[in-house]
Structure formats: C-alpha cells, structure tokens
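Asker: For the protein sequence lines, the chains are P and V, in the order given. Residue numbering for the first sequence follows this note's numbering, starting at 1 and increasing by one per position. Residue numbering for the second sequence follows this note's numbering, starting at 1001 and increasing by one per position.
Honestly, the hints are just simulated from the structure, not real lab data. Treat the hints with caution; some may be incorrect.
Simulated restraints, written as ranges between beta carbons of each label pair [said to hold, decoys possible]:
{"no.": "1", "chain 1": "V", "residue 1": "Glu1224", "chain 2": "P", "residue 2": "Ala102", "range": "33 to 41 angstroms"}
{"no.": "2", "chain 1": "P", "residue 1": "Arg15", "chain 2": "V", "residue 2": "Ala1150", "range": "39 to 47 angstroms"}
{"no.": "3", "chain 1": "V", "residue 1": "Pro1189", "chain 2": "P", "residue 2": "Ala281", "range": "32 to 40 angstroms"}
For lysine-lysine, the following DSS-like pairs were computed, each having C-alpha atoms within a straight-line distance of at most 30 angstroms [unchecked claim]:
{"no.": "4", "chain 1": "P", "residue 1": "Lys418", "chain 2": "V", "residue 2": "Lys1258"}
{"no.": "5", "chain 1": "P", "residue 1": "Lys425", "chain 2": "P", "residue 2": "Lys181"}
{"no.": "6", "chain 1": "V", "residue 1": "Lys1259", "chain 2": "V", "residue 2": "Lys1228"}
{"no.": "7", "chain 1": "V", "residue 1": "Lys1165", "chain 2": "V", "residue 2": "Lys1264"}
{"no.": "8", "chain 1": "V", "residue 1": "Lys1258", "chain 2": "P", "residue 2": "Lys181"}
{"no.": "9", "chain 1": "P", "residue 1": "Lys617", "chain 2": "P", "residue 2": "Lys568"}
{"no.": "10", "chain 1": "V", "residue 1": "Lys1278", "chain 2": "P", "residue 2": "Lys425"}
{"no.": "11", "chain 1": "P", "residue 1": "Lys610", "chain 2": "P", "residue 2": "Lys568"}
{"no.": "12", "chain 1": "P", "residue 1": "Lys315", "chain 2": "P", "residue 2": "Lys615"}
{"no.": "13", "chain 1": "V", "residue 1": "Lys1258", "chain 2": "V", "residue 2": "Lys1165"}
{"no.": "14", "chain 1": "P", "residue 1": "Lys181", "chain 2": "V", "residue 2": "Lys1165"}
{"no.": "15", "chain 1": "P", "residue 1": "Lys34", "chain 2": "V", "residue 2": "Lys1228"}
{"no.": "16", "chain 1": "V", "residue 1": "Lys1228", "chain 2": "V", "residue 2": "Lys1264"}
{"no.": "17", "chain 1": "P", "residue 1": "Lys418", "chain 2": "P", "residue 2": "Lys181"}
{"no.": "18", "chain 1": "P", "residue 1": "Lys181", "chain 2": "V", "residue 2": "Lys1151"}
{"no.": "19", "chain 1": "V", "residue 1": "Lys1278", "chain 2": "P", "residue 2": "Lys34"}
{"no.": "20", "chain 1": "P", "residue 1": "Lys532", "chain 2": "P", "residue 2": "Lys568"}
{"no.": "21", "chain 1": "P", "residue 1": "Lys181", "chain 2": "V", "residue 2": "Lys1278"}
{"no.": "22", "chain 1": "P", "residue 1": "Lys532", "chain 2": "P", "residue 2": "Lys615"}
{"no.": "23", "chain 1": "P", "residue 1": "Lys615", "chain 2": "P", "residue 2": "Lys591"}
{"no.": "24", "chain 1": "V", "residue 1": "Lys1278", "chain 2": "V", "residue 2": "Lys1228"}
{"no.": "25", "chain 1": "P", "residue 1": "Lys418", "chain 2": "P", "residue 2": "Lys591"}
{"no.": "26", "chain 1": "P", "residue 1": "Lys617", "chain 2": "P", "residue 2": "Lys462"}
{"no.": "27", "chain 1": "P", "residue 1": "Lys591", "chain 2": "P", "residue 2": "Lys568"}
{"no.": "28", "chain 1": "P", "residue 1": "Lys107", "chain 2": "V", "residue 2": "Lys1258"}
{"no.": "29", "chain 1": "P", "residue 1": "Lys34", "chain 2": "V", "residue 2": "Lys1165"}
{"no.": "30", "chain 1": "P", "residue 1": "Lys610", "chain 2": "P", "residue 2": "Lys425"}
{"no.": "31", "chain 1": "V", "residue 1": "Lys1259", "chain 2": "V", "residue 2": "Lys1165"}
{"no.": "32", "chain 1": "V", "residue 1": "Lys1278", "chain 2": "V", "residue 2": "Lys1259"}
{"no.": "33", "chain 1": "P", "residue 1": "Lys568", "chain 2": "P", "residue 2": "Lys462"}
Every value quoted in this text rests on a predicted model; they were computed, and no experiment measured them. C-beta atoms are modelled at their ideal positions from N, C-alpha and C, and glycine is treated no differently.
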Amino acid sequence: MLIFDQLNKGDQPLRILAWGLLAGLLLLLGGLWKVQVLSGAQYRERQETQSFRTVRVPALRGKILDRSGREFAGNTPRYRLDLYLDELRPQFAAEYDVRRAALVARKSATNAPPKDTFWAWVGRGFRKPRTTPRLTIQEIDQLSRASRFAAVSNTIAEVGRRLRLPLTLSEQALHDHYITKRALPLPILPNCTPEQVALITEQSWNLPGVELERVPIRRYPHGHLASHVVGHLRRDDDYNDEEGRFDYRMRDFRGAMGLEAAFDRELRGQAGARSILVNSAGYRHRQGEEVIAEPQPGLNLITTLDLDLQVAAEKALGSVAGDERGAVVVMDPTNGDVLAMASAPDFDPSEFLDGVSAQRWTNFFLAEPATPMINRATYGQYAPGSTFKIIDAIALLEAGVDPNALFRVEPDPTTPGKGRYMLGKRSIRDLAPPGEYDFRRAFIRSSNSYFIDHGLRLGWEKLIGWGANFGLGQRTGIRLNEETGGDFPTLDTVRERGWTAGNMANVLIGQEITLTPLQLAVAVSAVANGGKVFWPRLVDRLEPESPLSETPAVRVQPGQVRTEIRAKARNFDLVRTAMRDDVLDSEGTGKSARMSDFEICGKTGTAEIKGFGRKDKVTWFASFAPFEAPRYVVIVMVESGASGGGTCAPVARQIYEFLRNREQGRSAPLAHLGGGQ
Amino acid sequence: MTWESTFPTRRERAVEWPLWIGVLGLMLIGAAFIFSATGSADAAAGRPWWRYRVMSQIVAYVLGLGLVAGLCIIDYARLARWSLVAYWISVALLVAVALFGVSRLGAKRWIDFGPIQFQPSELAKLAFLFALANFLARPPGELNSPALFAKALGMALIPFLLILKQPDLGSALVFMPVALAMMFAAGVPRRFLLRFLGSGALVVVLLLVDVMFAPPGWKFIKLEEYQKHRLLVYFGLDFAPKGATPSERLAARAEQEKKSYNVKQSLISVGSGGLAGKGWGEGTQSALGYLPRAVAHNDFIFSVIAEERGFLGSLTVLTLYAVVLFSGIKIASQARDRLGRLIAVGVVTLLFTHIFVNIGMNIRMVPVTGIPLPLLSAGGTSVICSLIAIGILQNIHLHRRHY
Chain P
1 MLIFDQLNKG DQPLRILAWG LLAGLLLLLG GLWKVQVLSG AQYRERQETQ
51 SFRTVRVPAL RGKILDRSGR EFAGNTPRYR LDLYLDELRP QFAAEYDVRR
101 AALVARKSAT NAPPKDTFWA WVGRGFRKPR TTPRLTIQEI DQLSRASRFA
151 AVSNTIAEVG RRLRLPLTLS EQALHDHYIT KRALPLPILP NCTPEQVALI
201 TEQSWNLPGV ELERVPIRRY PHGHLASHVV GHLRRDDDYN DEEGRFDYRM
251 RDFRGAMGLE AAFDRELRGQ AGARSILVNS AGYRHRQGEE VIAEPQPGLN
301 LITTLDLDLQ VAAEKALGSV AGDERGAVVV MDPTNGDVLA MASAPDFDPS
351 EFLDGVSAQR WTNFFLAEPA TPMINRATYG QYAPGSTFKI IDAIALLEAG
401 VDPNALFRVE PDPTTPGKGR YMLGKRSIRD LAPPGEYDFR RAFIRSSNSY
451 FIDHGLRLGW EKLIGWGANF GLGQRTGIRL NEETGGDFPT LDTVRERGWT
501 AGNMANVLIG QEITLTPLQL AVAVSAVANG GKVFWPRLVD RLEPESPLSE
551 TPAVRVQPGQ VRTEIRAKAR NFDLVRTAMR DDVLDSEGTG KSARMSDFEI
601 CGKTGTAEIK GFGRKDKVTW FASFAPFEAP RYVVIVMVES GASGGGTCAP
651 VARQIYEFLR NREQGRSAPL AHLGGGQ
Chain V
1001 MTWESTFPTR RERAVEWPLW IGVLGLMLIG AAFIFSATGS ADAAAGRPWW
1051 RYRVMSQIVA YVLGLGLVAG LCIIDYARLA RWSLVAYWIS VALLVAVALF
1101 GVSRLGAKRW IDFGPIQFQP SELAKLAFLF ALANFLARPP GELNSPALFA
1151 KALGMALIPF LLILKQPDLG SALVFMPVAL AMMFAAGVPR RFLLRFLGSG
1201 ALVVVLLLVD VMFAPPGWKF IKLEEYQKHR LLVYFGLDFA PKGATPSERL
1251 AARAEQEKKS YNVKQSLISV GSGGLAGKGW GEGTQSALGY LPRAVAHNDF
1301 IFSVIAEERG FLGSLTVLTL YAVVLFSGIK IASQARDRLG RLIAVGVVTL
1351 LFTHIFVNIG MNIRMVPVTG IPLPLLSAGG TSVICSLIAI GILQNIHLHR
1401 RHY
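Build the full structure now, drawing on both the sequences and the hints.
Answerer: Now the structure itself:
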C-alpha cells in the first residue's frame, strides 16, 4: 500500500518511528488474532455460560390405563398465573427512587453540615456543596429489596382485586425466588379456575409481567379408584439420576407409590431443556428463550386391571358394614393376570399434587388402624387362618391320607356342640361339632382337629416345602415397590425359634404365619389351574402414546410360571371339589357366597390376632370360579370382620355376580364408583 | 494573506486524501457502534432521537470538522506562535480542575460549564505538543545543551504531575512517549534520551516491585490503591497480601472479582466475536449489561466493535488507523520546516499511544486506564481534540511548499 512507503522513505528518525508504529500495530493485531481467532471458541463458551441459563422442562407423563385402554391416570391442562419479574423492572426503579429520596432526606437531616475549610470557602462560589449523603451498600440492598417487594405486591394486589381474591405473597418468598430463580416467572396463582381464566382472558388485562401459563398436570379421572395400585406423585423437581445439568428446574413430580413409583422412569419420559438469555442483573432477557431439546413424553402403562371389575370389587368391599379395612384381589388363574386389586380404606391421589400438610399426614394418611396409605393387598401381612387348610389339604393328600378315612372329633366339654383337639395338655378349639369326619366334611366344616391331627404327622420339612412351593414367605414379584413376602418359616427359622409341635399345630390352622392377599391369590390360582404357580402380572405393556414414535412397546410376557406344583391331578380335584362343596353344601362355611348359576368354590378363614395389647380378627374368603373351568380367583380379606363366611363370602359373591352378569352380557359396565368425577 | 497563498493553485494535492478517508471511515464506524451500544438503551429510556448519545458524538464530529476547516486557514507557523500561551492556559485549567473540578468515580478530571463538561487534560496534550514542537524547532546544534533538554523535560513534567494528581496516571503517562518521540525526531542527542528512558525504566521497576512483592515499609514510590489494583489485575496477581487472614483473603477475592470485571468482560466480548463477529447490533455483551453500559460506548467501544464484527472488524479498524498514522509520518517527512515535522511527529505519537493503550487494554495487553480510543470512543472533548490534531496534520500538509 502507498502509505507504507514511509517505511523506506524520509530520514532515519522518521523511518525508525514508522517501523515502531508498524510494530505496535502488528503487536495489537497479533494479540487480537490470539484472542479472537485462536481462543474465540473458549471465550464464546464463557460468554454463553454467563449469559444463558438452562431450564429443565419435564416431559408429559405417560398414562396409566386399564387393559382396554381406559385411564386410571392421565394429564389435564392447568392454568397458572405467572409474574415475570424482568417486566417489572421499571416499577422497581420507580419504587426505588421514591424510597431512596426519602432515605436521603432522612439522612441529610441528621448529617453534620459540610466542614468550613479554606478550600471549601474558595470553591463555594464555583460549585454546589455536596448535599446528598452517601448510602452504604447494605442500605442500597435493603432499598432494592423493599422496592422489589412493593412493586410485586402492588401487581399481585391488583391481580387479586380484579379476580376478587385475597392474594398475598410473603417478602421472604419473593426474596427466595429472586435469589434462586430470578430468570424464571414467579407463580402467583398456581391453579386458576375456569372462571378466573375466563376473567383473565376476557378483561383487557394489561398488567405488565402477568401472564397465563398452561401447564399439564396429573389427573386421576376416577379419583380413589385403584389408588393403591396406581399410586401417587410427590412434588420433586430435582431428578439427580438424570443426565444433564440444569440451572433451573421447572415444577415436576416423581412417583411416590404404586405404579407411579415403580415405573417412574418409564412414565416420566425424557425431560427437555430450554435456555433463557439472562442479563448481567440475572433477569430474563425478553425474546431470549430457545428450546434446546424437546422433551420426550413418557410411555403409557397398560395394566392388566379391568376398570369395570375394579369398580365392582371396590364397591363390593365397600359394602362391608362400618369403616371397612380390607383387600380384594381378583386374578385370572389361567395366566396369573391381576384383574382387580383393591385395598380399603383408600385415598385420592390428586390430593398429593399440591402438597399435603404434616397435619393431614398424621391425622389421616398415617392414622392407625385405618392407615389408608398401606396397600393391604400386597403390603399387608395377615395370618391366613383356615384358608391355609387349602395348602394343608394338598399336602395331606399327597402324603397319602385317605380322603375317605374317618376321623373322630372329640367334644369340647366347656363349649357344647363344638369340638376340641388335645395336644398334650393344651386344648385347641375346633368350631366343627364333634363327630365322624372324612376329608371332604373336615374341609367344608373347617375342622381344626382333622387337619392338626393329620398334619402333625407330616413333619416340618414337608409342611414347609409345600408352603414354599405355593410361594409363601417370598414376594410374588408383582411390579410394585410396596410388597412383602409375609412370614412363613424355613427349616432354619424353625430351628432358630425352637418351634415345637404346638407351633406346628398353629401353622396348620394358619396362625403364627402371615401372607398377603396377593400371595393367597397366587396359591389359590395354582390349585384352580392344577399346579401352576404364576408370577402375577400387573403390567401388560409399556408403549409410546404416538404410533409414530421410534420407541418400541415393551410387553410383559403373560402366564410366566414360577413353580409347577408336583401333585396328583386327582388330589387337586379333591381339593377343588371340597372348595366347591364348602360353598354349595348347606353345611359349608362359605355358603353365603353361593350363586345358583355360577359354581363358586371357596374356603373361609378367620384368624385371631393377639398382641400389641389388642385382640382382633382377620377374616378371609379365598375362592375361584367357575368349578369346571376356573377363570377367576377372588380373594377377600377384611380386618376385624365377624367371620370369613359371614363377612367376606358375600363380598366375593357380589364380585362374581358382576362377572357372571358381564359374561352373560346382562349388564352394561357399572357406573363409576363414587368419589371419582 | 491572500487566497493564492492559502490555497495553492498548483496542480498539487491540497488535501491529503488517504488521511481523510481514514478519518471518515473511523467516524462512520464510531457512530455506528456507539449507536449499537447505546441505541436500545436510549430508546428504552424514551429519549427523542436528537437526545440519543450517538447524536452528541455526531455533533462532536461535525464541530471538530468545522474547527479543522477553520484551523487550515491559518498557517501552523502562525498558530505555533501562540503555543506557549495555550500551554500556560492549559496548565491553568489543570490547576482549576484540581481546585473546582467535578468528581466522577473518585477522580477530578472535568470542569463543569453548565451543559458542557470539559476535560482539560485532553487539551493539555495538544497544547503541550505544540509548545514542545515550537521549543525544539530551533537549530539542531543547540539541542546538545543539557539545560535545553532539562527545560524540554520540565515542559512535559508540569502537566504530567498535575494530571497525575487528578489522579489519571494513564493520561499523564501519554506525555512521555510523545515527548520522547518528538525529541528523538528533533535530534536531541541519543545519550540524553537513553538516560531519560533508563530513569523511566527504573521508576517502573520500583513501582512493580512495590505492587508485586509489596515489601513492608516501602518508601520510594507509592501508587494509589486503585492503580495498584489495576496492575495486579493486569498481571493476574492475587489482591490479598501475603500474610492475609482467610477473611481478608475472601474480601480481597471479592474486590478482585469486582476490579477485574471490566477487563474480563471486555476480553469475553472481543474473544466471543471470533473471526467474523456476531453482526451489527447482535452483540450481547453490552446489550445484556455484562460489559458495563457506562463504559461500553466510550473506553470499551473497541470491545463492542470486536464482538459484533470479529477479527475482520478489528483488522479494518487497525488498517484505518494505520492509514491515518502513516499519512501523518508522510506529512512529517514532507513538512517544509522542523516545526511542521515535529508537530506531525507529536500528533502521530499521541494518536498511536492512545490507540495502542486503549485497544491493548481491551485485550489485557496493557493495564486498564481511562484513555479513549481516538475518534471511536464516545466523548466530545476527545473527538474534538483528535480532530484538531488531525486538522493540524492537514494544515502542515497544506502549507508544505510555502516558505
């Protein structure tokens, strides 16, 4: 270039000067090259990390459906009124000015007049004396904090006036939000009613910073229905088991119980991310929002439950007089599918969405003996009482007890008309009247003497082996976190506990051991189907809502056999027939479950619970139907019932009536249970 | 003086076109990026368009160009006769600043004339430059006298010390390279200059020892606290003294964070511009307030340009400055007398020092000082003084053939 001629022209000093200039400019250029080109990416990253905040955006939660696609849990839009702090900044400034002026006036009133020095005297003609006192940083902080609160309160009060609602916000709440989530909107009305939404959208609203936001929220359309299986959510924004680091997290939930908890990861889907541009004061910058990653909705969970049957089961259980506590399990004995599972008392899962007070927890959710949060069908452990005689029966018959051989029940001298069994010096009550008993009669009259006398000859090993074969003492593997395996001894525990024949007698009549209604359902299914102990199935499949999704559906294989019980078919037949006669025979304990056109087979049970300073009863009815080709297993358990036959058998009958009616196409699906919408 | 003598009729260029192309380019860039840095804030504040900050810059450009035209009518030699008067007036103004100046951010640099605030140190640089050129323009033989050298140094020291007192170390230090370059071009014996340079270097070393090692009971030269901090930021050193307690250390860390904020943000601005920049008005650093709005359009305007136009923008700005500076050297080499040559050298050095220090501070090559970038930084005094300086170059060029 022409101008650079100067490097070679002119006299020496000027040439040196020209070279010096060139060197200086090249030095700057080199520095700029280094900063802008060589380290440009690094500085761009630093610029982004200081000006962008990422927000975790929860994905739409997958639905929980019954076997034919009806919703137990879905989603519904909810309207939330938000306040964007960044749009109130002019108001903050205005409030600040007013407050600052007041403070300055107060301070200068108390301040000493400026010193009368020589220079001050000289300068007085030229400049105004300094009148405004300096504010400390603490004072400025306090002023800004108060100004923010004043401006926000004004806006919120105005919103409240227009909506005719007393809306308030605590100073601390605002400050916390300001400190931790400045770039996010402040929710001022988390759940607007349709009337409020109408009011907000109709009115020329025109309040700066106030915006209506539509957010999805969990909905349980049937309220209490199957609440223990479906479970509930708990507010939790902080998923630390996920990848990705976020500066802010939007309101989210996590499954806390039931299927919501057990399949939380699948239902939750993949959270997305949004970035917000923030300015140096930490406020959101308008039009600076960008979606970085779309959230991937969660998978729908299709259960094996039958919504109509569930309604029928809960209704039947609810027909027990009083504040019933109990459980019902309905299972398909051909494949182990759980068709209905009820536990009473129950709860409304939607109650947890907005948080539950500690008081409500102690007074309701955890209150004994109701404990509505316990899924009694899988998590309650109960002595099976006489229903255990079903397992006794298989064990005895397999041990070679002749079903036709007669056994004499001795009369109980203290209770006329009842029998008793003497084990050494201990007298065990037998509700069966004294007399001659073969296997069938002993079963349907539930004779303790018969089963204890024959059972004691089995020995621990065989008894424990049969119980374990039917899955007692082990979890059934249902996909719920709230499951227990009950208490059934092993040979080791028998030895450790030093159990004697007396304990064995108790076990034979279903005392000193516990199981869950679900375990009993699995065991009864095995009897009904001729020996197949299934892994019960509650979840049929997980599939994406959208058919276009690339995520494949995951199906749980139905009818997975856990153990095949090696017992003679004849013996299963004998037990099934005895169960049928328990209902059918006028002498049977389960006759109140009888239906004229549906052959129900069952066994009643009543277990005495002693301990914890109280005496209580657990009543049972374990059944399947129909006799020829069992399609349903129904287990009914009621705490503090009168008796298995009196309390539980009628509940089972109502459920079978519903099933029979439906099979014969007699009734439309029942109306939804009360308590839902 | 006749028309003939003022504007030559010979077929020779009266106007040094490359110089003015460079100046015009810089003024366009200045207006564009001051608008980019302040326009949205001005709009948000609801100001009418004539009250935008970019408008006062444009007014300063026009006013400055008018002054240039006026200045060119009078031969620089005649102007130089008044240089000593101007020099003492500017010294008086500096004294006035010390007495009645307006304080901003802890330094008294401005005089308040009602609607206009004026920074006498800018004027003092020009007046000093003129006076020194006039002083050194004597026959080269006389310059061998040490007394003369001492007098020349004294001329530099008076405004230097007054500005140092404001305190404005950056502006004060500008006097030194200008004086040095002018004496060098005038032919002052090298040994004087080397001695001067040597003692300057000694002072710098003593200062650095004080700042970096903080020996207790240091008596020689002390810097103001803020100047120390700026140097510590520059060298990336910890603010906390060696034996500091943890709480002192924490406070020092917070202070450091605050003090190095501007440099950190200007580096991020410049660096994030990359090769091609984010586009005019697309820079986020000043829009979001990370680059403080108070300085983005004046001392740190280069960061805004570099962020929005990238390395290519930086290159353009440097090229335009190179055109201006080398035109100045050319004018110096073609000047008709020693006076013209020395003034031109002084102007070029003055502009170069400003450019180097300001851009250097934007990329942490030089410690932070409040030195504006000629023609680009918003600020009336700086723009007008820069234009006067460049106008004098044009004056020297215009009168190069008339003896």
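Asker: What hints, given by number in increasing order, does this structure fail?
Answerer: 2, 3, 4, 5, 9, 10, 11, 14, 17, 18, 22, 24, 29
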